[in-house]
Amino acid sequence: MSSKDRILGRIRRALDDAVPAAEIPRDYLPVHGARTPAERVDLLAAHLAEYRALVHRTQEEALPALLARLLEARGARSVLVPPGLPPHWLPAGGPTRVPDRAASTPYELDRVDSVVTGCALAVAETGTIVLDGGPGQGRRRITLIPDHHICVVRVPDQVVDSVPQVLPLLDPARPLTWISGPSATSDIELDRVEGVHGPRTLDVVLVGTQ
Amino acid sequence: MTGTYLGMPAFPAFPAAAREAVRDEALRANLRHATHTIRDKRARAVAELADWDRLRAAGKAVKDHTLRHLDRYLLQLEAAVTAAGGTVHWAADADEANRIVTELVRATGEREVVKVKSMATQEIGLNEALEAAGIAAYETDLAELIVQLGHDRPSHILVPAIHRNRAEIRDIFRAEMAGWGRPAPEPLGDDPRELAEAARLHLREKFLRAKVAVSGANFMVAETGTMVVLESEGNGRMCLTLPETLISVVGIEKVVPTFRDLEIFLQTLPRSSTAERMNPYTTMWTGLGPSRGADGDGPTAFHLVLLDNGRTDTLADETGRQALRCIRCSACLNVCPVYERAGGHAYGSVYPGPIGAILSPQLRGTGSAIDASLPYASTLCGACYEVCPVAIDIPEVLVHLRERIAQGGPVTRAGVRVTLRPADGHTAERAAMRAARLLLDHPGALRAGERLLARARRLAPRRLPGAGRAWTDSRELPTVAAQSFRDWWARERSDPR
Ligand code: SF4
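If you're matching them up, the sequences are chains A and B in order.
Under UniProt numbering, the first residue of the first sequence is numbered 1, with each subsequent residue one higher.
Under UniProt numbering, the first residue of the second sequence is numbered 1, with each subsequent residue one higher.
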């Protein structure tokens, strides 16, 4: 008998006395509180900041200047650019642009200073940005290896209130990465330290349209 | 087939181990600081959600429903993972799981693997099995690294090195890192920031060259075949993304029916566990995905090893099976007065604290001294039940297991129903007495334990089971506390001790 058959047989024998399971009560809240779009964006910003992400707000036209400032502040000489990132986001004449290529090795990515991406969606109640590998986001590894990640969120249209609201909008077949603040550990006497393995600095840029 | 192995062979019974631990002042201070800090933060994070009780009821119901139809959901999961390019393996016990993983690693020709913290692989002793096969397994979670470099054992589900302070960690890094790869930077202070940086440098060279990774998973979605890992540091993302081959070893109870069900647990797990609204990183992947593997985003081979190792035996116990709802948040450890004093090592398995006290004896059976004594390693104060995000009535299971040990009765071992004989003569009594004495030596724990009597009476009106019975052998029945546990706790906490 295969182990699969053995395990399934054990499960069926273990349950032969079991009564049918009760209905699953789904009376929990789909969202915690009512918010205007502006309040939703404020909440996202507040929660991200609590995780020690650096939150910036700007308008579309001012985005290149802001990104230029953020890259310069880090002394970035090179910046990873995923395919599909609107080219005009990045400042002209800024750090060397490194395209995200399938062939680039982790070692090559490790030598890049910063990465700029968009995102799929953001969740205000938990302060979470979700990446799904869509245009402007690139592969999972590019937001992981460089020490500085700038993530651009279009507000208010990429922001939802809650976890129950975001799941139906995501495709589980895609590689999904949920980011809530920069990498952190509390393993040493519960002192929070940022940037153990993922990027130490997460700049979140909330871009509005006028 | 050998017996179920939970990673820590030949340990003394809980009372003996606990007595050692309570003498260690540094350990108790570390534990007290840590558990109280997390406990208070958690209460605030939970209070933020007005529907917490409803989320908890829903989480419980989803898990119960899944367990009730576990065969169906595992088959659905297997089909979905396979359709998405993954390969599913079934392992009835630890030996089989270790054999499968060892073979898979061997087939890649690699001699080392990186690991993201996984209790299932600790449970089966995978690192040791790989080592015996000449394969080095590197733990990459900071706390797990501390434990591994310190030739130590984890003592907490969430923060496995909770028993170590910063000076000890610095000493471990200085002495051991060089033997495993990049040495600790010189000089190395004991600031957590510096220590984390040392770990970052030490591990990065391993991440960048790793070809094979081993992980666990917090959830597996039957409907879509999606695997879910929650973490904070990014070591999980490194392991799940960079290597060519990914092997996930996951207990069969971790399956949930639908992608939507994650909406419950993604709200309750981080808040219960690290007291955060959300953990820094959550990774979800479905087999190799539509494009993964083709464009270098993620592994090109994915293997899922579904682990039984005593879980189906636990499922066969009508009262005890609720332990399989556990989502390993560790909230029950942080509120437990016995854990706070005894520390995680005293429980003699990778599952410490209240959940360990009911899970280990069910997964392994109660044949050993440690497993026979674990159901007594509690005051039955009920705090663990109150915090549990899937409403596992741990005190109820403890009392049930005590009755089984003392009175005997039907149990399932390795899929076979057998009748356990009542523990001969004094075994159970002795285990109970020692546990009782531990509590009596520590008035804080005893006061909490006074609720034992009220609770045990309610659950077993004929007579006091287990520890309760042993107590009444040698002393007056303590009066039932007039004060509620919560009141006691609030008062006790504000007391500088
Ligand atoms: S038993 Fe409940 S509280 Fe304890 S770790 Fe499991 S889910 Fe968390």
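It is worth saying that the hints were derived from the structure and are not from the lab.
Hints are not guaranteed to be accurate.
No more than 16 Å apart at the CA atoms, straight line, and that leaves these computed lysine to aspartate or glutamate pairs for EDC-like [as the list claims (entries may be wrong)]:
no., chain 1, residue 1, chain 2, residue 2
1, B, Lys41, A, Glu50
2, B, Lys41, A, Asp191
3, B, Lys206, A, Asp110
Source: prediction; values computed, not measured.
Item checked: Violated hints, by number in ascending order, as checked against the structure -> The structure conflicts with no hint, since it agrees with every one listed earlier.
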